[in-house]
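**Q** Protein chains in written order, with the numbering used here: chain A, 1 to 614; chain B, 615 to 1228.
Careful, some of the hints might be misleading.
With a Cα cut of at most 27 Å, we get these calculated DSSO-like pairs of lysine-lysine [what the hints assert, rightly or not]: (1) A:K247 x A:K219; (2) A:K313 x B:K927; (3) A:K313 x A:K573; (4) A:K509 x A:K611; (5) B:K927 x B:K861; (6) A:K611 x A:K573; (7) B:K968 x B:K1024; (8) A:K393 x A:K354; (9) B:K927 x A:K247; (10) A:K354 x A:K313; (11) B:K1123 x B:K1007; (12) A:K313 x B:K885; (13) B:K927 x A:K271; (14) B:K927 x A:K573; (15) A:K313 x B:K861; (16) A:K247 x A:K271; (17) B:K1187 x B:K927; (18) A:K313 x B:K1187; (19) B:K660 x B:K1007.
The hints are simulated quantities; they were obtained by calculation from the structure and are not laboratory data.
Protein chains: 2
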Amino acid sequence: MYQISFQPVGRRGQCPVDKSLLDCARETGVGISSICGGAGTCYACKIQVLEGKVSVPTSHELEAFSPQELANGWRLACQTYPASDLKLHVPPESMTTTQRLQVEGVEVGVPLDPPVHAYRVEMTPPSLSDLQADADRLLEALHQQHRLRCRKVDIDVLRDLSPRLRSWDWQALVSVRDDEVVAVGPVTSRQLGLAVDLGTTKIAAYLIDLSNGRTLAAKGMMNPQISYGEDIITRISRAMGPPPEGKLRTVVVDALNQLAGELCAEVSASKEEIVEAVVVGNTVMHHLLLGLPVAQLASSPFAPAIRQALDIKSRDAGLHIAPGAYLHLLPNIAGFVGADHVAMLLATGVAQAKGVTIAMDIGTNTEVSIIDDGVITSASCASGPAFEGGHIKHGMRAASGAIERVRVTKSGIQYQTIDGVSPVGICGSGVLDILAQLYLAGVLDEGGRMLANHPRVRSNQEQQCEFVLVSEREREGRPAIVFTQHDVRELQLAKAAMRAGIQVLLEAKGRIEEEIEEVIIAGAFGSYIDVSSAVTVGMLPSLPLERFRQVGNAAGMGAKLALISASKRTEAKALASWVNYVELATAPDFMQTFIQASYLGHYRLANGKRKEID
Amino acid sequence: MYQISFQPVGRRGQCPVDKSLLDCARETGVGISSICGGAGTCYACKIQVLEGKVSVPTSHELEAFSPQELANGWRLACQTYPASDLKLHVPPESMTTTQRLQVEGVEVGVPLDPPVHAYRVEMTPPSLSDLQADADRLLEALHQQHRLRCRKVDIDVLRDLSPRLRSWDWQALVSVRDDEVVAVGPVTSRQLGLAVDLGTTKIAAYLIDLSNGRTLAAKGMMNPQISYGEDIITRISRAMGPPPEGKLRTVVVDALNQLAGELCAEVSASKEEIVEAVVVGNTVMHHLLLGLPVAQLASSPFAPAIRQALDIKSRDAGLHIAPGAYLHLLPNIAGFVGADHVAMLLATGVAQAKGVTIAMDIGTNTEVSIIDDGVITSASCASGPAFEGGHIKHGMRAASGAIERVRVTKSGIQYQTIDGVSPVGICGSGVLDILAQLYLAGVLDEGGRMLANHPRVRSNQEQQCEFVLVSEREREGRPAIVFTQHDVRELQLAKAAMRAGIQVLLEAKGRIEEEIEEVIIAGAFGSYIDVSSAVTVGMLPSLPLERFRQVGNAAGMGAKLALISASKRTEAKALASWVNYVELATAPDFMQTFIQASYLGHYRLANGKRKEID
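Taking the hints into account, I'd like the entire structure generated from these sequences.
**A** Pasting the structure below:
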């Protein structure tokens, strides 16, 4: 076992000779990115060996690094094994833990109608002339004092009931769901709810006061499954793969319990006061959380284990809140359009929209719906991780030091970084801006070819053009931050997937782009992007900017609505069952539309053809 | 750590110097009796040290044994600590594991109406033109093929569903309970049910074929909680006491899982084919199994945590059968009249009896009901462990070598032992016979005093009379088996409790003994006793013998009825809610009645007075 020290986070761990530094980092709790799940192909887990000996570089590492970089100790954590005690430098762009996490969303007011209601009861203690059992006494008091015919007491509530009623002098606040007692607390206890948006990359959690619908606290954290692969397909293959079986489940369950604890600590509440939880996520996250099989999601026809909404005991999901509390999961739509999309549709109220609306949640997988006079049709676009920094040479997530805004002029460049610190890489909104700005500046043509007509364009070792955002000199000798021809191609594929998805849905409804009255953009990336850049590169249809609405974490808001409103749950069920799902691969002209949608600039699409507009 | 060898069972265990031999036996899996829970007062855990050194005798041991017995190595396992490797002899009378276990009962035919029904379904596999989720597909098939509107699939069923449906080629046998799928198996799978009578001393379990109501296998075992005290009160205090917290629960849950496994093995079934379970037990056993608190049962007014029937997921009780299966628990009546008594009332059908019926389940706690034109009134009698061999000098449980039948003549004695082997002690039916025979022979007067008018009566060291059943000579030098004046007093207390309970119930209904049309006697002890002996000693009212009916394990039969018949469950709920419970301690004249009921012989009781009859 070797001692491994991770800098600058300052954590120390132990690592045997047959474990990779990535595995060691995971076990030590140091969040190192890994998009490919340890295959050596994504180059996200770059680290620098400062002191000590390691294994010889693999072929992946010889490709990832120049001889000079290797000489300076740069390695891929997933490919490197220790050969002595080590001191490592983990650069910010390889860290998973400092990302900006959006929890805010546009709040929507709904009449308060939570599925759990609280009732204060007082009982007379048992005596030789009144031999009623404790639970029966409680149910009788609910009936006498609140005209409530409640039939069941949850078994875990029952396990504590007798001593508690005695210690509370036979007064209690009783939480009732349908005809079941799910929690019993002292009369001073609160009625809290937990709403969670469980994303592939991040988790946003909200602690809600069920007595008034207010959000008491909100908190985000990275989805710890990230260490097991950043995109959904990698996660599925990890879940299907060799042991540790169930590890993907336990890390996310632990994370939810941790978030619940931290949220409660912020408002001096007890986790036992959380009497209901709602979790939304895409279908894979939904299945992994519940321990449902995901193998069938890895191949056509991508059938989910279950589509309908679920109400299960939170304990059956491993969630430790009030002993008898339920966890509600909104319905899924299909294998790659999940409950988070339903939550987004719910929160934005688009089902009630007049005319034609597009609602999309942008991520490594982008879900798109068209709402045409209340009829919803959905599709899933494999947009990939490029807009989250994956497969982009100097891409990174939206963490401190990421370039998030860029303006390119004929001769120079301006940029802005997160937290205003020295640049370390480029996040999603940054790469979108660069793509748009380089196109506007004429550095990229409409087909995406980079032209050597700008002082910052140079040729790299592979004889490809690259645009230098921050030069070696500007970084005081450290490697330049560049945007390459290869990066352009990756982004074209990503944005073409989205645009083609929108187009297929329009054509399925016999609509054209001009008829779209509103485009709703949800999700973290969608909130931070400059919409005009997205329109400029043809990622979104060319429409007046006032028709676009960025709604932040709408999935989280939808989870909150479902938490505080039983009628919103009913609406979500109805909504999910109405939705028509379109499998893009089977749509006519899809490939043609996709190819046309990879072009930059303003244009209209129709039947696999592209027509330039001004 | 010392090596401890237990003979004749031939088990070996390890024991540290600070653990008693009783604790060591428990950990080794050797069942040594302990009525007092290790306090040194019951003398049930007698063992003989054959080789090795142990701690010096405690004051309890100096009382329990003569100097000669101590010199021969006799000790109390709970008071003795090892001081070297040991070889121990555990005599049969100290063993818990070889008791005769009654599982048979009078079977009652009812129309088959189990709460779980099985449906065979065939599905078309998902395809790109049929994207339905797996669970939704299953529910749709139930609807299409069986007109069944089932809404839920248990989460644990869901966890395996997708790969299983695929491996079974989309054909399955679906077990449905109310509107929920609780199990999905291959089309060849069976529908089994588990019925359990969870007694303080023993557990009887039955494996039932739910498709025809037949009992496929039955099995009994000792309740392993016995190592933690033989009677209910000791168990309650152990459950309230210091850690191991929950140990009383886990040992009994483990036992149920073991029984389920053994029953399935007998008929080559899988535990997953058990789709429903019913457990009945007294209120303390019920609470300990479910992990409910029992502290409030230890003091007046003895309120149960819950009285009403419970349907919980079997996994919430730790029972490993079909993943989504339920465990049903019949309702309790009061703190000391539990679901086992309800089951007995159900199985015997006494609620429908005309006239006056007495139904009783005899044990360390004896539950008695009077049924008077369909109105049921119940009471609990603290009859104590004397009839199970406890507190009786040479008492033992109904194990091999126990004297179970006795006839005494003026000059001699005849007896019969279980398995016909050499006598080692006296079990319950034996001590009842002796009491009756000694009374009939004039050795005991009606007040229970032993007279020195028989060649086998002698005076013991405490200057008390004792009756020699098997002399030292007849046992070839080993200690005689005797029946002492003290034993008579213990039995008088026990039988007076039962008789007084019956009398209080009669008087509560304004009835007299002659009006009793039938006395139903359930339970193991009740099945083996000679009813005429019980009448002779005044334990039961003096009535023509044809009015007594011994029904065996009626509680187990009631559990089976509740398993195969939903309408019988409804009947049990109604029955338990109708029952009037009488707390004997608060009944007028109870103490007077109790004192009069301690007399031997044939007599009538009325208003605390006793009147001899022929």
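**Q** All hints are to be evaluated individually against the structure, with a verdict given for each.
**A** Results of checking the hints against the structure:
no., hint, verdict
1, A:K247 x A:K219, "holds, 23 Å"
2, A:K313 x B:K927, "holds, 11 Å"
3, A:K313 x A:K573, "holds, 19 Å"
4, A:K509 x A:K611, "holds, 20 Å"
5, B:K927 x B:K861, "holds, 21 Å"
6, A:K611 x A:K573, "violated, 40 Å"
7, B:K968 x B:K1024, "violated, 44 Å"
8, A:K393 x A:K354, "violated, 43 Å"
9, B:K927 x A:K247, "holds, 25 Å"
10, A:K354 x A:K313, "violated, 38 Å"
11, B:K1123 x B:K1007, "violated, 39 Å"
12, A:K313 x B:K885, "holds, 24 Å"
13, B:K927 x A:K271, "holds, 24 Å"
14, B:K927 x A:K573, "holds, 26 Å"
15, A:K313 x B:K861, "holds, 25 Å"
16, A:K247 x A:K271, "holds, 24 Å"
17, B:K1187 x B:K927, "holds, 19 Å"
18, A:K313 x B:K1187, "holds, 26 Å"
19, B:K660 x B:K1007, "holds, 12 Å"
Of the numbered hints given earlier, the model fails hints 6, 7, 8, 10, 11; all others are met.
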